[in-house]
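We have chain H; now place chain R onto it with these hints.
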Amino acid sequence: MGLYVIRRLLSAIPTLFLIVTISFFLIRVAPGGPFDLERPLEAKVMENLRKIYQLDQPLWYQYWLYLSALMRGDLGPSFYFRDFTIGELFARGLPISMRLGFTALLLAVVVGGTLGVIAAFRQNQPTDYAVVGLATFGITVPTFVVAPILQIVFGLTLSWFPVGGWNDGAVRNTVLPILTLALPQVAVVARMTRAAMIEVLRSNHVRTLRANGLPLPVIVRHALRGAALPVVSYLGPAAAALLTGSVVVETIFGIPGIGRYFVEGALNRDYTLVMGTVIVIAIFVLVFNLLVDLVYALIDPRVRYE
Amino acid sequence: MSAEAPILSLRALDVRFRTTDGELRAVRGVSLDVAPGETLAIVGESGSGKSQTMMAVMGLLASNGFATGSVKVAGEEILGLSPRELNRFRGSRLGMIFQEPMTSLDPLYRIGDQISEPLRAHGKMSKGAARARALELLTLVGIPRPQERLDSYPHELSGGQRQRVMIAMALANRPEVLIADEPTTALDVTIQAQILELLADLKRRFGMAIVFITHDLGIVRRFADRVVVMKGGEIVETGATAEVFSQPREAYTRMLLAAEPTGRKEPPPNDSPPVIEARDVRVTFQLRKGFFGGQSSELKAVDGVDLLLRRGGTTGVVGESGSGKSTLGRAILRLTPAAGSVRYEDRDLMPLGRDGMRPLRKQLQLVFQDPFGSLSPRMTVGEIITEGLLVHEPGVTRSERDRRAAQALEEVSLDPSARNRFPHEFSGGQRQRIAIARAMILKPRLVVLDEPTSALDRSVQKDIVDLLRRLQRQYDLSYLFISHDLSVVRALSDEILVMKSGKVVERGTTEQIFADPQEPYTKALMAAAFLSAQAIE
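Chains as they are written, first to last, in our numbering: chain H, 1 to 306; chain R, 1 to 537.
Simulated from the structure, these hints should not be mistaken for lab results. Remember, predicted model here, so these are calculated numbers, not experimental data. Check before you lean on any hint, since a few could be wrong.
When the alpha-carbon atoms are kept at most 25 Å apart in a straight line, the in silico SDA-like pairs for lysine to any residue are as follows [to be verified]:
hint, chain 1, residue 1, chain 2, residue 2
1, R, 300, H, 304
2, R, 362, R, 311
3, R, 127, H, 224
4, R, 124, H, 207
5, R, 203, H, 207
Bound conformation, chain R alone:
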């Protein structure tokens, strides 16, 4: 492989952004070669510059960004070309797919037309020929009923199907290099596996080189020939995949490799009293009720779920998007109308209205997935954390609130001075700590954790998992932990419910489920989540 001339070659690539705070150097002197037909993975955490490196190659930097250095495609310099000249390469010799399949297609145009466009622009195909080729491509990427799909709009397709369409577009002109920027991150685990399988299959058939930008080491281990590890805009390590995984040279690489959440949770004693006892919980949504009473249909988001959660215990709820796992969490906290029965300690929550629930809210807390959207940008961290105290303990003095805020921040390993700053000054992991502090300051008994680690880098996830376990031990908390990420669930839960289409399809202790999953759906989830581990072991 090394003897061949590289198809893509970067030399001393720098990417800078002009910002109001001066110039930001996002990529620092990156040099790398991609051989024809090889799969190169670029790994690193968010902010490592891995995406911006390839955005610069494609001439897709934001308008305040610019790149210097050299980017050669088969020996021809493309950095600094005008968009028109660059278009000889983009979409023909270089293809790219993105992290956001939901928004990467134009919602206003038909799938067939969107796939045809690069064919007509580069291959000078007629409309009819392009459409015929678009049909071939849709078949190639495994879209069911491709003939019909030509005339579909993006919103009629699922995320996985949209990513397949993106792949079809990128491959339309048989590129020599396909750049895949986190192509599976936004997808459900089983869909992720399918997309990765598709990419591997297409690579076998067409032999293009793939540059895989990812933070998921499982994907790297399984698919990449070589790995480039980036940190702070620089390449810190590079080598053959097996080598990097078995003998990482850099501390940062070792940290990335070790970042999978580890450890298990001690189950609570058997005589531990129940905190939540839910029977036959049902949540039904009315869909589309017309203004003049047109037909309405029902969606059973949660369909008869039982749940028993003991003091100090954690129940993990896993499933893919739309399985009803988040809705179940909300139903148990009485945040969404539901039928069935939910008992909290010795009280029946179902008959309680908004006012009846209020005194209990203090003990029943919720932490959300999105650490960016769930903190008000206009309040200081101190105000955010103590807002609940104002409601639930109005007698607490200002100085006492401040003291408790400082204490809560220390508990989640943040500097107490953080309480005078605003959320935007913090990273995703720090914001999630703030959200946890906001729940913990009220000394809750039950915390519903709705995908609290999904938006975070692996190494940060590990820290949050450690923090959650420590807090649980310290305060004898009960967690309802909702996630699609099985490695995190394993590290936190005593018992697991697997949900699909609103129903629990399998339940058991964490050991049982992981050692011997019964349902095909559970097995599919497992296979998808741990394909990395199986591939290497």
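Extracted from the complex, chain H is given alone in its bound form:
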């Protein structure tokens, strides 16, 4: 198992390299550059800027420079957020995004999982319809609609929570963004758990439990473990997405996370910022997919890694 993890981590290196290479050249293909403004800069100024950031060098050489800096753990300076390196931007923003995302993920598993189990045991009864209805609502209504509604109801009308702002991470400030982030995930997890549970409850081995007169808690325990498999495989990529922040939620609630960097970086042709975001997301995806596979092996003895 340990050997397997090492092998998986090693095989992540070529994957990352490929991702870095493709995105490096892809963003350069996009027209325009980091210093293009509405009113063009003077030619001399532009030339100096390009020299400072080594944009005057041939592309392959810039690629080489980027790679060698990356090897040293240096993601380079931001072209847009002057005076900041990409590393500094992430050091500030990533913990914030991760805190929101992690809490939302926890809610999704606990609340969504519980709702799904209850619905499966009450299939085609009012409770089930209520859960399915809620889940459909959570999946179909976009966050940019949910967020303002929460702001109006709980921020302006009831004044329970602030409408926005980070306030150094005060718990009050995190409630509404976490709810917004969590709602669609709760919905998806509830639906998946429900579907998986229903299937397991119909399976032959649960029939065996019933035939042997085993009480409900035992049946739930068996069914949960079987139903966890598809949910776990969904949670891997979902966790990677949640922990790296959400543009919409962070923008609406004015939260200094990293969710908006990807879009802003792309719009501003902030090459290093785009690259940094891509690398961070890629690492999260790779790590969480590995975690999913390991958890899978823990749950299912038929899965073996050598």
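Okay, now just chain R, sitting in the frame of chain H:
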């Protein structure tokens, strides 16, 4: 026996299912008694309601099903009890084992834990005591190395071993009634015999009553004290086993009894030209080749098999699952990579690639075991049957195709109007006829029949066997008939190959093999398949 109060008593039991097409009545007014310690067999074909009757007793009907009437265990009414109250009976006084040993255990839990659960739930045993008892039970049901097996997972056990574990679980709390729903149907014949032997032995030791649900009359004849014959949800006949077998009163029972495939096939003349001549056929599978090149091992699925099949002849290939018999069929049709030589008439098939084989495919057809999985559910029967014509005879007009489809359906005794309907509207036997029509429309020379009757009821098997023999005579076909069912093989084959672990362990004419099997393996197969006949004669 009749003087004793019944341990299980059903009165006017009805089972209905709510479906989108309205209510379906699967069991109609069934009344029966099971005396303590007796073995009662419930027989009938698929759809006769025999399983649903006992599912209703155990409270295991699907969620859209419900039962009315009365079910009493030692005089106590259990129908309509809540699951919690019912659990006082299930797994303690009533035990049940099922047809599907492969899927009836939770793949995620250890064997020992699964056997312990009913002990801990009903007997309030401690974890340690339950484990010790689980070990006893595993020993009792004859699992080799029971101590190790406690910590095994179901996937590490064979089908027969899993069924033994199921029996251990069902017997954990010494039930007074054991309900066995087709417990051997999914197992190989030699394993079937072992499981039946085990059940008989356990019954002798513990004296519980057994309700045996089965379509296999051999099992009934050998094990049951009494028989209940069901048809269309109703009991049509009931009586002592010997009586029902010697003097069946109902036409349906007589039909069931007569349903064993009978008759023999006329061998082709000795000068009949060879159709397939295969020498030293080998198929090897690479097992587990790691991403980074880890060790790989080989499985010799077919290991040096020779075969000669003449025009109008049938070679039966028998063996248990994993013996390589299906793979051999595929290798001869060049559907799986193989070594050795295969000659079809005057051509060597081995050097031919995919394109080289295509013109020959028309003459070399294949019929599969699973009549449910092998027909596309989204095509009409007519489209399914004529699909091969589109490829092999592209010049044929639409109306000509339609005419040939109608003709092919008539040939397999189906109504030609069937071609405008979809596969799900047909029964298993009818679907197998459709699959045969699909092969026959191309006027093949050789048909590989891979267990074409195994998924079918006995009476339907008999019809399919008759149909295959008729088509063979009519068109001078050659069959490679792959099966584990020796009674069907006997009715169809001139020559038999017995395969085990990829090798042919015995070969001979059908008479030779059946009259005087040489190899112990062949004898075991025979004994297992015909234990019924021997027991009665």
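The hints, checked one at a time:
1. 300(R) / 304(H): 24 Å, holds
2. 362(R) / 311(R): OK: residue 362(R) and residue 311(R) at ~16 Å, within 25 Å.
3. 127(R) / 224(H): Roughly 22 Å separates the two Cα atoms, so the pair holds.
4. 124(R) / 207(H): 22 Å, holds
5. 203(R) / 207(H): Status holds; Cα separation ~24 Å.
Hint check: no violations occur; every hint is consistent with the structure.
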